[in-house]
Structure formats: structure tokens, C-alpha cells
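Participant: Generate the whole structure from the sequences, applying the supplied hints.
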Amino acid sequence: RRFLPGAFQSLTASPTLPFPAGCCRWGTDPEQCDPVAQAAPEAAGIPVRPRETHAFCNNLLTEDTALSPRWQSFLTLVRTFLPLLKESGMTPDELKREAHSRGLDTDRFAAFWTVFEPILFAYEAHLAEENALDFGDMIVEAAHKVESGMQLPYKFILVDEFQDISRSRARLLTALLEAGDGTKLFAVGDDWQSIYRFSGSDTRYVSAFETFFGRGTVLQLDTTYRYPEELHKLTADFVTKNPAQLKKDLHSLKPAGYPCALMRDIRSFVPCDETMTDEEKTLKRAGFPPARAYRMAIEVYLTIFAKKAKERDGQMNRVMLLGRRRWENMPALRECPTVAELRRRFPELEIHYRTVHAAKGLEADYVIMVGNDAEVFPSEREGDQIVEAVLPISETYPFAEERRLFYVAMTRAKHFLVMLYDGERESLFMSELRRTASPELLKSVGDDPHTRCPHCGLGLLSKQKARDGKPYFVCTNSATCGQFFPTCPDCGSPLDENDTGRYCLNPECSHLELHCPKCGIGFLRKRHQKATGHAFFGCSLFGNDDGLSCDFTESVENVQSRIRTAEKALRQATTISKD
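Counting from 1 along the sequence shown, just add 34 to a position and that's the residue number in this note's numbering.
To be clear, the hints were calculated from the coordinates, so they are not data collected in a lab.
Don't take each hint at face value.
With a cut-off of at most 30 Å between alpha-carbon atoms, the simulated DSSO-like pairs for lysine-lysine come out as follows [said to hold, decoys possible]:
id	residue 1	residue 2
1	LYS394	LYS282
2	LYS179	LYS189
3	LYS288	LYS218
4	LYS288	LYS552
5	LYS267	LYS394
6	LYS341	LYS267
7	LYS130	LYS189
8	LYS288	LYS497
9	LYS315	LYS552
10	LYS552	LYS341
11	LYS560	LYS504
12	LYS275	LYS504
13	LYS504	LYS288
14	LYS179	LYS130
15	LYS267	LYS552
16	LYS218	LYS189
17	LYS282	LYS497
18	LYS267	LYS497
19	LYS499	LYS282
Restraint ranges, calculated between C-beta atoms of paired labels, are given here [said to hold, decoys possible]:
id	residue 1	residue 2	range
20	ARG377	LEU192	36 to 42 Å
21	ARG561	ARG379	27 to 33 Å
22	ASP139	GLN106	19 to 25 Å
We put the beta carbon where it would ideally sit given N, CA and C, even for glycine.
Facilitator: So this is what it looks like as C-alpha cells:
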């Protein structure tokens, strides 16, 4: 109804429905359809009882009348297809040729067009009766007017968000350039943020700009003021895994000096008794309801962010919860309190939930990405082939647009990014980041060991120096690994990390640091109270002025007991090759 005002009412003037006569798909239960019945329903013994047009249209237009899933799906398809068709400017013949050239199901497309064409005619008649234009008409008609020989005085044309340009808008731009005398086009866009193919945007107009608009000069905006250098490096490395994305030499003015992003398996929040065996813990975590674990994880990090706001004399911190789908369609949020409830519980925080598409152009101090699970993000839903016929040609790189969408999500954070995922349903993007991202850029906490030295088993660890002079190690197998390792403060050897903590790979060194169980980012380090000299363990992020700050403390006895329990497992890690 949103896209077809009056279209179905216009159909009521016809004595019969505009569907193929004798097709049981429209006269009886669709589940009873078979090839024989579709050819001759009466011969197959299936009575054909066409519904009266007026009754049928009233059924479609009554909000409180439940429609069959088949009709709901059809109406959604029509509402999606019609504006895309109008804005594409393609004729029916061009559309059919496009469907054939892409190898789409042309028989199904022809059947759909038979049903859709009367709806389109009724819709156009309604527009004509109202003397109205829709958005697609405005673009296509404007392009046609300019192409017909109109002379224009414009010297400059400025376009923002150029990565979202579609076929019809590119056609209008081309016409405007040709109609002017020396008209110049100034376009601002970022192909890394092209996420609207479903509405017709085509990345080729950016990546192959000169092919469509003639010779041009590229001026890079090479500085970001939003997020730290570490987060920029992490996200840029991720999005440019697709070789079709343009390379950019960007940098940030806000180096943090520590990882600004965290991956955390929600099942690491499942409470387990220390008396349990490892097998019992694994079974409990695997069987724990994921939505409940998500709730626990979200509340832990909101508590940390609220504490940070109090340390800043009550300065309001903005927190954005991000998901691939709307809240009601996110399995990860089924047991999570509403945003209103979270705001009441954490008055120090300005909390919002956004889909990633809706968050484009926005930012927050802290971002929590939820539901980074298999089949959710990246989404593995395939579009309808009928809609595909009016969309730009799909990219060959796997999940190309989903990768850009994930990049947009990661770059909403000004200070720190938390990516939550279900380790029992780990997504492709989570697996990739866990394998390839440097510990200096991304912290990762899970239930199963996921880092080895070296990861690939092929490269050697080479000692390097960062810009600030601090040493680190990197795997020499840069083709498939290139993993970074921090340096042990005791002996200078590489430190490896697993779900328990990080430890020195030098077998003669006993340095071992446990993950902070509260924030999962810092490590437990031994400290002493200034007044009494009393020893305790505290998080390494205590008193951190930038990004996260964690005030977790624990007694020496408890931590040393856990270290003894973990030491045997940690020492099973691969040691540095002495070859």
C-alpha cells in the first residue's frame, strides 16, 4: 500500500482479476498445485472458484485481515520491484533482455510480468489521474528533458554521498554535463561505504569514475577525526580484503597506544563452577541459551561504560547497540531489556539501538555490535531473482557489500568497539578477524584456544620496532599469516595469547598474565596499596584516561590459585622454533 496508492482500487473497475485464467495458483490452495492441475484444473477434478474482484481487493486492503504468506510475499515483491523498476528507467523489453543476459529464471520472470503489468498500468493511471510524479519519474523525466536538447547554464555540479548513485541518477548527471558548456562535476563519496545496492546504488560509478564521466582528478580526504589509529588500521585492513575496493592512504589524529576493539564470545560469560572439569564447562557453555548469554554480555559492558562516565564527572557517554537487523528480528536480543529499560538502569549513558544501515553517518563513544553470528552477519539471504533483474550486477567477491556494511558498523565507535558473537555459531567475519587481526589492534576472548605460535606453522617470528621504539614480533609468513606478538616485559621474548591469558613463549621464562574477567581486555597485574603495602591483583586498564577503564581487583590468593590451574594448559602451547 505504501508504494501503490489506489492501484488495487483501480483494478476493481475490471469485472475479473487480471490473472491468467484457469491457473489454480489464484483460485485454490497453492499447496494443491501440480502441473496437471495448472494445465487443466477441471480435468484434474479441482473446482475453480474465482474470488470476486471487489472482495479480493477489500481483503488485500484491510489492515486487520490476515493474508496467506503467499500473498504477503507477493505484495512485498511488488512493493520492492515497482520503485526499482521506475528508477531504473528500463523498458519491459530491456528488462527481459537483462534477465536473460544474467541467466535468471526467464519463465518465472515472464509469469511475474504477466501478473505485474496490470498493476503497473493501474498505478500509472492513478498517477496520471492525480497529475503526480513519483521519485523515479522525477529522475527519469528530468534526464529525458535534458537529453532532448535543453541548454543549461550550470558550471558546477556538486554531488554528495556519490557512492550511493544509481543508474538513473548517473544518467541524469551525464545529461547535465553534456548539456552545459564546460560543466564540471565535483563528487564526494567513499566506495568503502557503499551499502545500498538493494535500492539501486552501483559501486562501479565510483571505482570506474572516468569510464562513465570522463577524465577526473582524485583528491583524498586522508585524515579521520572520529576514531583512533588502531581502529582505523583494523577496519581498513578488513574492508580492503576485497581487491575491488579503492586503496586509500588514511590516518587518524588519535593514536591510542592499545587495542581499541574487542571480540568476545558470549559463552565466555556463562558462569561455571571452578570444581567443574574442562569437559563439563564446555558442555554447560554449549547448552546455555545464547540470548541469555548476550544479555549478560551487554549488561557487563554497559556497566563498564557507565563507570567510565562517572569517572568523567558525570559526562554523558553515548553507547550505540548495533545489529544487522531490526531489534525484533535479532535472535541475540530476545531476552535483552528494551532500550528504555536499559536507559533507566544506566542513567549515565545515552543508549540507542540502530540497524547498521540506519547508523551510517552516526557515531557514539562506545559501540556494541551484537549478533555477529553465522547466517546473520554477513547475511546469507539471497535476493529474489525478479528483483535482481532491476538491480546492479552483483559483485563477484564473496559478501562484498556485507563486508562494507560490517566496516560501516565498526567505524561508528569514537573510543572503543565491542563485537559480541556466539562461539557455537561463529560467523565468517568473526573467524576471519580472529585469524588475521593483530593483537595490537584487536583483543579476542573466547572459550577455545585460537592463537598459536606461529598460527600458520610455517613462518618464523621476527623482531621489529614500532614507531615509538617499542619492540614486537611478527610472523615472517606474510602471505597467509603475518601475526603480531607483543613482547614479554621480563625476558623480551614473544607473548602468545589464548582464552585464559597471555604467556611467554620462552620455556625458561615464567611470565603469565590472566585476562581480566570483568572487561576481557586488560590483564591482571600485581599491585600494592600505597598506604599499607597490601598486595592485590588489578586490571591493567585501571585509571586509563582514554577509551576503557576497568577497576577490577582480586586477592593474590585467588589469582595465584587460578594461575596454577591454568599454567599446565598454557604451557602446552607451541614454543618458538629454534631452527
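Participant: Does each hint hold? Answer for all of them.
Facilitator: Comparing the hints with the structure gives:
Straight-line distance between C-alpha atoms of LYS394 and LYS282 comes to about 20 Å, which keeps the hinted pair within the 30 Å bound. Between the alpha carbons of LYS179 and LYS189 the distance comes to roughly 19 Å, so the proposed pair stays at or under 30 Å and holds. Distance hint between LYS288 and LYS218 is unfulfilled; the C-alpha atoms sit about 35 Å from each other, more than 30 Å. The straight-line distance between the Cα atoms of LYS288 and LYS552 is roughly 26 Å, inside the 30 Å bound, and the hint therefore holds.
Note on LYS267 and LYS394: the hinted pairing holds, with a Cα-Cα distance of about 19 Å set against a maximum of 30 Å. Taking the CA atoms of LYS341 and LYS267, the gap is about 28 Å. The hint holds against a cut of 30 Å. For the hint pairing LYS130 with LYS189, the CA-to-CA distance comes to about 38 Å; that exceeds 30 Å, so the pair is violated. Taking the CA atoms of LYS288 and LYS497, the gap is near 26 Å; set against the 30 Å cutoff, the hint holds.
Under the criterion of a C-alpha separation no larger than 30 Å, the hint pairing LYS315 with LYS552 is consistent with the structure, at around 19 Å. Proposed proximity of LYS552 and LYS341 is supported: the alpha carbons are some 13 Å apart, at most 30 Å. For the hint pairing LYS560 with LYS504, the CA-to-CA distance comes to about 22 Å; that is within 30 Å, so the pair holds. Note on LYS275 and LYS504: the hinted pairing holds, with a Cα-Cα distance of about 28 Å set against a maximum of 30 Å.
Using a Cα cut-off of 30 Å, the hinted pair LYS504 and LYS288 holds, with the two alpha carbons roughly 18 Å apart. Using a Cα cut-off of 30 Å, the hinted pair LYS179 and LYS130 holds, with the two alpha carbons roughly 26 Å apart. For the suggested pair LYS267 and LYS552, the alpha carbons sit about 26 Å apart, so the restraint of at most 30 Å is met. Between the alpha carbons of LYS218 and LYS189 the distance comes to roughly 6 Å, so the proposed pair stays at or under 30 Å and holds.
Taking the CA atoms of LYS282 and LYS497, the gap is near 28 Å; set against the 30 Å cutoff, the hint holds. Only pairs whose Cα atoms come within 30 Å are accepted, and LYS267 paired with LYS497 is accepted, the gap being roughly 21 Å. With a CA separation close to 24 Å, the supplied pair LYS499 and LYS282 stays within the 30 Å bound. A C-beta distance of roughly 39 Å is found between ARG377 and LEU192, which places it inside the suggested range of 36 to 42 Å.
A hinted range of 27 to 33 Å holds for the C-beta pair ARG561 and ARG379, which are about 31 Å apart. Between ASP139 and GLN106 the beta carbons are some 21 Å apart, a value that agrees with the proposed interval 19 to 25 Å.
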